[in-house]
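Number of protein chains: 2
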Amino acid sequence: MRDVAIIGTGLIKWGELWEKSLRDLAVEASLNCFKDAGINKVDTISIGCMLGGIFNGQEHLASLIPDYLGQKHVPAMRLESACASGGLAVRTAFLEVASGMADYALAVGVEKMTDVSGGEATYGLAAAADQDYEAFHGITFPGLYALMAKSHINRYGTTREQLADVAVKNHHNGALNSMAQFPFAITREQVLSSVMIADPLRLMDCSPITDGAAAVMLTTVENARKLKKHPVVVISGIGLASDTIAISQRRDICKLDAVEIAAQRALKMAGKTIKDINFAEVHDCFTISEIMVMEALGIVKPGQGGPATSAGLTALDGKFPINTSGGLKSKGHPVGATGVAQICEVVTQLRGTAGKRQLPNAKVGLTQNMGGSGGSCIIHIMEVKS
Amino acid sequence: MRDVAIIGTGLIKWGELWEKSLRDLAVEASLNCFKDAGINKVDTISIGCMLGGIFNGQEHLASLIPDYLGQKHVPAMRLESACASGGLAVRTAFLEVASGMADYALAVGVEKMTDVSGGEATYGLAAAADQDYEAFHGITFPGLYALMAKSHINRYGTTREQLADVAVKNHHNGALNSMAQFPFAITREQVLSSVMIADPLRLMDCSPITDGAAAVMLTTVENARKLKKHPVVVISGIGLASDTIAISQRRDICKLDAVEIAAQRALKMAGKTIKDINFAEVHDCFTISEIMVMEALGIVKPGQGGPATSAGLTALDGKFPINTSGGLKSKGHPVGATGVAQICEVVTQLRGTAGKRQLPNAKVGLTQNMGGSGGSCIIHIMEVKS
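If you're matching them up, the sequences are chains A and B in order.
Using our numbering, the letters of the first sequence correspond one by one to residues 1 to 386.
Using our numbering, the letters of the second sequence correspond one by one to residues 1 to 386.
These are computed hints drawn from the structure, not numbers from a lab.
For clarity, every value in this text was computed on a predicted model and none was experimentally measured.
Note that CB positions come from ideal geometry on N, CA and C, so glycine has one too.
One or more of the hints may lead you astray.
Claimed, not checked - Here are the computed distance ranges between Cβ atoms for each label pair:
| no. | chain 1 | residue 1 | chain 2 | residue 2 | range |
| --- | --- | --- | --- | --- | --- |
| 1 | A | Asp103 | B | Arg2 | 15 to 21 Å |
| 2 | A | Lys13 | B | Tyr133 | 23 to 29 Å |
| 3 | A | Ser386 | B | Pro231 | 46 to 52 Å |
| 4 | A | Gly100 | B | Lys229 | 27 to 33 Å |
| 5 | A | Asp276 | B | Lys72 | 42 to 48 Å |
| 6 | B | Glu16 | A | Gly303 | 39 to 45 Å |
| 7 | B | Arg2 | A | Thr122 | 23 to 29 Å |
| 8 | B | Glu16 | A | Lys385 | 25 to 31 Å |
| 9 | B | Lys72 | A | Gly303 | 37 to 43 Å |
| 10 | B | Asn40 | A | Lys268 | 44 to 50 Å |
To be verified - Restricting the straight-line Cα-Cα distance to at most 25 Å, the calculated cross-link-like pairs of lysine to any residue (SDA-like) are:
| no. | chain 1 | residue 1 | chain 2 | residue 2 |
| --- | --- | --- | --- | --- |
| 11 | A | Lys72 | B | Lys20 |
| 12 | A | Lys226 | B | Pro360 |
| 13 | B | Lys72 | A | Asn32 |
| 14 | A | Lys275 | A | Gln249 |
| 15 | B | Lys72 | A | Arg251 |
| 16 | A | Lys41 | B | Asp43 |
| 17 | A | Lys229 | A | Leu147 |
| 18 | B | Lys272 | A | Gly100 |
| 19 | B | Lys229 | B | Arg357 |
| 20 | A | Lys20 | B | Gln249 |
| 21 | B | Lys72 | A | Leu31 |
| 22 | A | Lys356 | A | Ser99 |
| 23 | A | Lys272 | B | Gly100 |
| 24 | A | Lys255 | B | Ser99 |
| 25 | B | Lys72 | A | Met269 |
| 26 | A | Lys275 | A | Ser386 |
| 27 | B | Lys272 | A | Ser99 |
| 28 | A | Lys72 | B | Phe136 |
| 29 | B | Lys20 | A | Tyr123 |
| 30 | A | Lys229 | A | Asn32 |
| 31 | A | Lys20 | B | Lys229 |
| 32 | B | Lys301 | A | His73 |
| 33 | A | Lys20 | A | Lys72 |
| 34 | A | Lys268 | B | Lys20 |
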């Protein structure tokens with residue numbers, strides 16, 4: 001297996017972008033990535049997108065995106081694993097380069113979510129759950145995560161304030177990220193008084209509906225060294241795992257087994273333990289998710305996610321900063337793009353170009369991107385290769 | 001890159017299977033594949049499916065399928081490239097094994113199409129076209145292929161009878177395939193008098209709407225030799241290419257450039273020319289497609305696809321048999337499963353276990369699986385490794 005480096009990242013400002021179509025979003029982020037990498041022709045394109053079909057009536061992005069990106073006849077594929085689609089696209093680009101099938105592989109994640117009604121959006125997102133045994137019966141994603149939150153509160157004494165503190169922290173960071181959909185700070189009181197969505201989760205516990213895209217360019221470490229554009233950031237570990245799609249079938253409703261197992265696989269591949277990781281971007285689709293993910297990754301013990309957050313462990317100046325980008329909560333959550341954008345943030349931190357949100361000692365970073373209620377998880381570990 | 005072999009195939013009887021859900025179909029084909037391979041645990045699962053979201057409200061098959069297949073926590077991903085989704089799933093499984101990421105990789109293709117109305121089916125399938133510049137304006141897939149057929153007729157003098165002969169040949173073969181949706185022979189007269197769908201294409205020029213699944217198991221050649229269950233069938237070449245999604249943007253409406261380029265790539269990887277290939281399974285979603293594909297693959301010269309078909313070149317006893325399985329026309333076309341089932345047929349022929357439709361000299365076979373109106377194409381070349 002060849003060693004793989006990330007030589008480019010491409011982001012656009014996320015939001016409710018009515019003037020941009022699905023293809024526009026993907027092309028714009030990809031062109032920004034080409035510019036950053038100093039490359040304008042790739043051997044393969046892997047595209048992460050969940051809802052092109054349901055929301056936009058557009059499947060077959062493996063034809064559409066190379067076409068509109070001016071990459072005539074380039075091999076392409078679309079990956080989907082609900083909200084983990086973006087991370088999967090990067091993993092597939094990694095396989096292309098690692099196997100020797102391609103030298104330069106673009107991974108682009110995209111989602112165009114704001115052209116549909118709230119009801120349609122809820123229906124579409126619920127396609128990440130078990131349609132026959134969950135969604136069809138009326139439960140929504142906030143509902144599924146609310147069940148997990150209630151259980152976590154009951155078992156561990158996690159508090160409403162601790163949940164709120166996840167959102168407060170992430171908005172603090174997002175306020176320093178000009179690409180974020182909601183780049184402003186919020187208070188604990190604002191979270192606690194926001195409208196109830198699914199008890200105990202309120203509006204400000206939930207990540208938003210977003211139009212957006214993100215891209216990364218992968219090549220061999222050897223090629224990356226020749227280009228000399230940036231410090232050489234390598235992907236040293238990847239872990240992918242699945243779990244039951246329905247939460248009723250899980251071993252434990254308070255545990256995210258797919259996250260734990262994907263992390264073990266990625267750490268093993270990288271030859272590291274969680275103590276070797278300096279910072280992470282994690283999948284805070286709801287505030288409870290970030291708390292449960294901290295526990296599944298082994299950053300804290302089960303039940304300690306809430307208290308550790310309120311104590312500042314995961315703050316920008318904490319011992320283990322999480323979601324320096326603002327996370328899904330503040331940066332936005334265009335589902336197919338999220339996993340790719342997480343990787344962009346880690347690369348930016350490792351390069352030392354994160355501006356006001358730059359961490360002082362960013363050497364090894366991790367991304368955790370999750371599908372559905374934890375039915376799939378993809379983890380990447382990245383570091384600067386000296 | 002490690003050499004990759006196919007050690008198992010799994011099919012089910014295709015049709016209008018109201019008693020089986022999307023997950024049932026995928027699980028049943030996969031279990032048949034496990035049995036054939038003599039393996040009951042895999043390292044990774046790649047799933048080809050186009051319309052789970054639009055037709056079944058079910059995305060996130062990367063969680064659902066390992067869950068229901070009893071492959072707890074196994075890494076999985078879903079690939080989509082319209083009707084080429086199945087071929088892409090096999091290609092990704094190949095990358096898993098070739099790169100060393102996995103030793104045993106299952107690729108399963110599935111589609112559950114008959115739970116929706118004809119109008120919904122037409123809308124869903126049109127998501128393979130350019131939604132903004134083709135489908136939204138009302139053109140359907142039969143309409144797109146009818147435009148190509150009209151152009152081919154005008155330029156080359158291809159006749160209605162030659163189109164019909166593609167369907168007649170494929171039904172002849174499908175009548176020998178117990179897994180086919182429509183396992184019976186038809187006559188040229190029946191095709192020519194069937195109801196008009198989109199001039200010049202009639203009902204019997206069109207592949208049907210089908211529920212179905214198919215699976216293959218991949219591992220290293222080394223592992224395949226150890227298992228000694230079957231002759232060792234290797235994937236010696238893979239080619240993937242894209243083209244403009246809209247036919248109006250193509251270089252030539254009578255040419256399938258993605259097919260031609262994918263074939264060149266696959267043949268180069270296998271170190272072969274088209275003359276080294278004995279037989280093929282091709283994407284006859286409409287009768288005109290098979291004729292245009294024959295020309296794009298270089299089996300015949302441009303314009304000769306029709307006359308060569310009527311002269312018997314591609315018949316079961318012809319010099320270059322095409323679609324011994326019955327093709328999409330007779331076997332059925334559950335879009336995500338088609339590319340995988342094509343590979344099952346080639347493996348069956350190479351093993352010499354195709355029964356009444358067995359070819360006498362099947363040494364090297366090719367599959368050609370196409371997305372949309374030719375906006376993407378994936379080609380595999382397989383042969384018995386001595």
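Starting from Lys72 of chain B, check that the Cα of Asn32 of chain A is at most 25 Å away, please.
violated (39 Å)
Straight-line alpha-carbon gap Lys72 of chain B to Arg251 of chain A, limit 25 Å:
It holds: about 11 Å lies between the C-alpha atoms, which stays within 25 Å.
Does the alpha-carbon distance linking Lys301 of chain B and His73 of chain A stay inside the 25 Å limit?
With Cα atoms ~22 Å apart, Lys301 of chain B and His73 of chain A stay inside 25 Å; holds.
Regarding the pair Lys272 of chain B and Ser99 of chain A, is the alpha-carbon distance no greater than 25 Å?
The hint holds at about 21 Å.
Lys20 of chain A and Lys72 of chain A: Cα distance at most 25 Å?
holds (22 Å)
Starting from the hint 15 to 21 Å, judge whether the C-beta atoms of Asp103 of chain A and Arg2 of chain B obey it.
holds (18 Å)
25 Å limit on alpha-carbon distance, applied to hinted pair Lys255 of chain A and Ser99 of chain B
With Cα atoms ~32 Å apart, Lys255 of chain A and Ser99 of chain B exceed 25 Å; violated.
Could you see if the CB distance from Asn40 of chain B to Lys268 of chain A stays within 44 to 50 Å?
violated (24 Å)
Could one say that the CB atoms of Glu16 of chain B and Gly303 of chain A fall in the range 39 to 45 Å?
violated (51 Å)
With a cut-off of 25 Å on the C-alpha distance, tell me whether Lys356 of chain A and Ser99 of chain A pass.
Since the Cα atoms of Lys356 of chain A and Ser99 of chain A sit roughly 38 Å apart, the hinted pair is violated (cutoff 25 Å).
Tell me if the straight-line CA distance from Lys226 of chain A to Pro360 of chain B falls inside 25 Å.
Not satisfied, since the Cα-Cα distance of roughly 53 Å exceeds 25 Å.
Could you tell me whether the CB distance from Asp276 of chain A to Lys72 of chain B stays inside 42 to 48 Å?
Given range 42 to 48 Å: violated, Cβ gap about 28 Å.
The structure is inconsistent with the numbered hints 5, 6, 7, 8, 9, 10, 11, 12, 13, 14, 16, 17, 21, 22, 24, 31 and 34, although it conforms to all the rest.
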